[in-house]
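Student: As you go down the protein sequences, you meet chains A and B in turn. So the first sequence is numbered by my numbering: it starts at 1 and just counts up by one. So the second sequence is numbered by my numbering: it starts at 1 and just counts up by one.
Just so you know, not all the hints are guaranteed correct.
What the hints assert, rightly or not - Straight-line alpha carbon distances no greater than 30 Å define the calculated DSBU-like cross-link-like pairs of lysine-lysine that follow:
#1 K77(B) - K92(B)
#2 K146(A) - K2(B)
#3 K146(A) - K56(B)
#4 K146(A) - K77(B)
If you are wondering where the hints come from, they were derived from the structure by calculation, not from laboratory data.
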Amino acid sequence: MSRRENRAHLTVPVGPRDHTSGAENAPLTLVEYGDFQCPHCRNAFPIVKKVQQQLGARLRFVFRNFPLTQIHPEAEHAAEAAEAAGAQGAFWQMHDRLFERQFALDDDSLVEYAQELGLNADRLRGELDAGTYRAKVRDDFMSGVKSGVNGTPTFFINGERYDGSYDLGSLLEAVSVAVS
Amino acid sequence: MKRAPDFRLPSGPGTFLSLADLRGKPAILAFYPADWSPVCGDQLALYNEVLPEFEKHGAQLVGISVDGPWCHAAYSKSRNLRFPLLADFEPKGEVARRYGVYNAASGTTERALFVIDADGVIRWSFVSDPAVNPGADGILEALESLQQPGAVHEPA
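Use the sequences and the hints to build the structure in full.
Tutor: Laid out in structure tokens, this is it:
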């Protein structure tokens, strides 16, 4: 019987296929595995924003999809919509919009958000229908599973899973320790 | 390497599942403390999602806790779980005790994982900090190692 510390590491390093916000050479990388329909991720959303504001150029933030589709039936298409927006250069705008409007994530709403953001909404709808980004979302998901993601949101600070609370104080403290 | 202790437990109101029923394919036993823990951090919701990956290895997953079969049925339905939950309910925690993962102080099983091969031998096991969801990575690594004959996965 092994009793090991629950210490998991990011097995797929941050790379060109990722959506990143912040300087590439930042000393600190915060990776979130998240689900746009998950209320806990919604709660974490403004907190991550504050962490980004406070740390500025010292932080690079990365979001990877981890939709729990069996309990969140709209999470898969929401993730694909974010990817589709990303293909039009607007991943973060869509990421923010999805969390801000978590109460409406049906396909028509996703297309409406694309319109609001000035994107090609027909293209986004077509890509949702075709499942263009399904494999990308699944790749994100499996990279999370293999890294020990155990729910959403799961954060990795410089590649190490963070098991603490994600209130602002705790998260800021954890990233400060990592950067020092 | 140890032979997995046998068991026969309710898998629903009026139905039973035994270890022998799982023979011939790898099995994953996930002991967990209680039904109705918070949704998004929920270990079982994660396994439900990763189920196709377990199935790629031909493995069958069962969850086990001391909750009764009616409680399991309601929980399973509410979470849309696609694998059986076994009720280690009477005598309470008996199967968990056989596996060495009963916590008498809390009256629940530990949060513990076992990967059993097709011949009924425990090939990997892990007891998690009860407060931390252990994820699925250890199970997948263990299942991958089963496919190399003779290889035994030793977790770090």
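Student: Could you run down the list of hints and mark each one as holding or not?
Tutor: Results for each hint:
1. K77(B) - K92(B): 23 Å, holds
2. K146(A) - K2(B): 26 Å, holds
3. K146(A) - K56(B): Holds - the C-alpha atoms of K56(B) and K146(A) are around 15 Å apart, at most 30 Å.
4. K146(A) - K77(B): 27 Å, holds
Checked against the numbered hints above, the structure violates none of them.
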